[in-house]
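K.L.:
Those protein sequence lines, which keep their order, are chains P and B.
So the first sequence is numbered by our numbering: it starts at 811 and just counts up by one.
So the second sequence is numbered by our numbering: it starts at 244 and just counts up by one.
None of these hints come from the bench; they were simulated from the model.
Hints may be right or wrong, so weigh each one.
Taking lysine-lysine pairs in the DSBU-like style, the calculated list, with each CA pair at most 35 Å apart, reads [claimed, not checked]: (1) 259/B <-> 278/B; (2) 259/B <-> 962/P; (3) 278/B <-> 962/P; (4) 962/P <-> 349/B; (5) 899/P <-> 962/P; (6) 899/P <-> 255/B; (7) 856/P <-> 1022/P; (8) 962/P <-> 318/B; (9) 899/P <-> 1022/P; (10) 311/B <-> 816/P; (11) 825/P <-> 306/B; (12) 349/B <-> 300/B; (13) 827/P <-> 899/P; (14) 318/B <-> 821/P; (15) 962/P <-> 245/B; (16) 245/B <-> 1022/P; (17) 300/B <-> 245/B; (18) 962/P <-> 311/B; (19) 816/P <-> 318/B; (20) 827/P <-> 816/P; (21) 821/P <-> 300/B; (22) 962/P <-> 255/B; (23) 306/B <-> 349/B; (24) 255/B <-> 306/B; (25) 821/P <-> 899/P.
Chain P stretches covered by chain B per the calculated footprint, using a threshold of three residues with CB under 8 Å from any CB of chain B [as the list claims (entries may be wrong)]: (26) 816-825; (27) 885-899.
Derived Cβ-Cβ restraints for the label pairs, each shown as a range [as the list claims (entries may be wrong)]: (28) 931/P <-> 317/B: 53 to 61 Å; (29) 823/P <-> 338/B: 15 to 23 Å; (30) 250/B <-> 1003/P: 48 to 56 Å; (31) 823/P <-> 348/B: 25 to 33 Å; (32) 846/P <-> 348/B: 51 to 59 Å.
Cβ coordinates follow ideal geometry from the N, Cα and C atoms, glycine included.
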Amino acid sequence: MLRLIKIESSKLFYKLKSWLGPMLIMILVLTAFPLSIDISQFDLEKFYFSIIVVSLLMTSFLATEGMFEEDFEDGSLEQEFLIEQDFYKVVLSKIFVYVCFIGVPIALIGAIFSVANGVAIESFVSVFLSLSLSNLLLFNLFAFGNALSINKGAMLGVLTSLPLALPVIILLGTAIRSIQYGNGFLEIISLMIGMGFLISAIMPLIISTALKTHID
Amino acid sequence: MKLISAQNISYKINEKMLFHNLSLEVYSGEGLHIKGGNGSGKSTLLKILLGITSLSKGLIEYKNQDLKISYLGHKNAIKNYLTPAQNLQLLFGNASLSNAFEWLEKLNLFQVQDELTANLSFGQQKKLALIRVLAQSSELIVLDEPFVGLDTAASDLLNSFFVQKLSEGTGLILTSHIQPSVECQVIELDKANA
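Okay, chain B solo, but in the shape it has when bound (with noise of 0.2 Å):
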């Protein structure tokens, strides 16, 4: 099933062309690996598939209008003055919270789940961070370099994370320098803008 297609858009920034006519379909699944050199436009191409960023030509579908998407950008979205107990009660509610704290004790930040999430180190934080896209149900996973900061334990969690969530028939689509150990298929912006 689509979960997601873009068809011949195109972005331009300050008179700056950051790709042209790119088409691509995620299905689900099914992952996209997003590559390409500082400032080529990976992350605003996230952001265009998400509908943060308004495009400049083209056209993106969904599945449908409903479709669940989970989605961590460059930014993290955690509270600095918030523990980071209180910044998953802030995020999950009581829905899905056992499961986030179950993430949590995984991503080895349960021993620091009562200190100032400004106290943590980078790595932890984005740890935190990533808690919002792994403990959430969703149809399509979104990630913007989900490798940065992470240490090789965590690395490996997060590998397995997207094996487990493809099997399950969800999408994925991410930017990364890091090669992911799923298979996935590639867009390299580098030569698609060439």
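Chain P with its partners taken away, still in its complex shape (with noise of 0.2 Å):
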């Protein structure tokens, strides 16, 4: 586990695209909405969050975007078939390289932006464990989304799982009301730290039979 921890995480820092672009997008869209808004008119802290999880949901749509296409183009996938015996532990580790070197600073740049654009300083660790877990729920079923079209081009996949997207988003608007009235975040984030254990355990085994029929 150890070594394809490793290797995921060498081939996503040298592949710059991957982890800078939707970062770079993440920061652009969070600075361009209120220098494009005038803000005396707008109370921005109240809507700002709504951004931020469009934001969060988009670019969680782009890092995922060709998670497993290129090593299954170049082969890489059968080798690692061949020494693991099966995907569970490839797409494991996949998820959990792109997550934490992904995913847990776009919810950082979220939390910052948050706190920037009036949010109270005291609900920034709220908000990051909301975003982060957010970004774990999502980059998952992206995968899955990703893993079914990976020969058919793998948005296609990706927009066929957006639908599967909306209950995280929902969750993620309940996390963040409950952070904004003061109230139910702790039964919230159980919630959400409860449904990213169980999505981060079954889905790399359903993602992993998807990529075996694909390279059958």
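With the hints as a guide, bring the two chains together.
P.N.:
Listed below in structure tokens is the structure:
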């Protein structure tokens, strides 16, 4: 498992486009939005979260595009299958690395921008935690979409898995409201942590079956 | 010692029977050359033997579940956005990296080790991909068209590698339109399907 994490980290590190692109887009959207409206007429702290949520969805969508496609195209998936005998660990480590190196920094950017745009500094950790967990869920779901349509253009699969992201968005929205109103956050975040564990355990199993079908 | 055996294996794709009731065995120090025309199922047979592709019927047995296999198929499994040196680091870690770099030198790739793999020629990329097999110790080597794209010097090097590995007791299965210089049992898929 450690070997796989090391390989995936190195691959991602050199694929600048895959990790820097989503982060730059996140920064760009979150910076451009307050500049594009007359902030004196709006209570920015109240609806800035909506922009963060949409940006989060968009960037996780972008970050997971081509997650397995490259390994499938160049034959690395076959090689990993020979070593590991299935794809569970490969998928698990890939999602782990993507969440750690793209998902968490994106969540951090979101949390920093939320504070910079009027959200209370005390909420920073709660916002960061909610966004990180949402990214964990979104990355798992989009990885599934990516694996489904690996030989038909990964973007198509990610698009088809987009409806699956709606419950995550609803959950994140609820978490954000609970942060804003100061109640029920613990319950929501516990639910998100539970879902995060469950999806992180089950989704690699489903994805590995999909990948095996593709190389078969 | 028997490394791998296939008994009465059949494979059907899109209602077309690629091969039917095919049996083969590969022992330590023995080579198997799979021949056949384009589309006869050579690569598929290799993938079936490796467990990558599921067979329609039959049985495949390995010496043991941990049989160490080195494989290179049609796809090179190297990263175009990395340099050859980085690719080898990714493949071998620190364990047998020095051995891999020795092969890099033997294959005349040392001078391009810091160039992007995407900028290398087809033959150079193929050589780099072959290092995965050449620098790794394994009990069974499985290669799909290993000579394609190689110059004469590299082909000779590959042939002498086969001779050395077979003498050390490693098994070899390969598909090739080019006759390897080692003695192998031969399976002709066109005839097997007839």
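K.L.:
Look at each hint and say if it fits the structure.
P.N.:
Now for the hints, and whether the structure bears them out:
| no. | hint | verdict |
| --- | --- | --- |
| 1 | 259/B <-> 278/B | 19 Å, holds |
| 2 | 259/B <-> 962/P | 24 Å, holds |
| 3 | 278/B <-> 962/P | 31 Å, holds |
| 4 | 962/P <-> 349/B | 39 Å, violated |
| 5 | 899/P <-> 962/P | 24 Å, holds |
| 6 | 899/P <-> 255/B | 30 Å, holds |
| 7 | 856/P <-> 1022/P | 46 Å, violated |
| 8 | 962/P <-> 318/B | 18 Å, holds |
| 9 | 899/P <-> 1022/P | 13 Å, holds |
| 10 | 311/B <-> 816/P | 22 Å, holds |
| 11 | 825/P <-> 306/B | 39 Å, violated |
| 12 | 349/B <-> 300/B | 43 Å, violated |
| 13 | 827/P <-> 899/P | 25 Å, holds |
| 14 | 318/B <-> 821/P | 18 Å, holds |
| 15 | 962/P <-> 245/B | 40 Å, violated |
| 16 | 245/B <-> 1022/P | 28 Å, holds |
| 17 | 300/B <-> 245/B | 21 Å, holds |
| 18 | 962/P <-> 311/B | 33 Å, holds |
| 19 | 816/P <-> 318/B | 22 Å, holds |
| 20 | 827/P <-> 816/P | 19 Å, holds |
| 21 | 821/P <-> 300/B | 38 Å, violated |
| 22 | 962/P <-> 255/B | 23 Å, holds |
| 23 | 306/B <-> 349/B | 32 Å, holds |
| 24 | 255/B <-> 306/B | 26 Å, holds |
| 25 | 821/P <-> 899/P | 16 Å, holds |
| 26 | 816-825 | holds (count 6) |
| 27 | 885-899 | holds (count 7) |
| 28 | 931/P <-> 317/B: 53 to 61 Å | 56 Å, holds |
| 29 | 823/P <-> 338/B: 15 to 23 Å | 20 Å, holds |
| 30 | 250/B <-> 1003/P: 48 to 56 Å | 50 Å, holds |
| 31 | 823/P <-> 348/B: 25 to 33 Å | 26 Å, holds |
| 32 | 846/P <-> 348/B: 51 to 59 Å | 57 Å, holds |
Consistency with the previously given hints fails for numbers 4, 7, 11, 12, 15, 21, ordered from lowest to highest.
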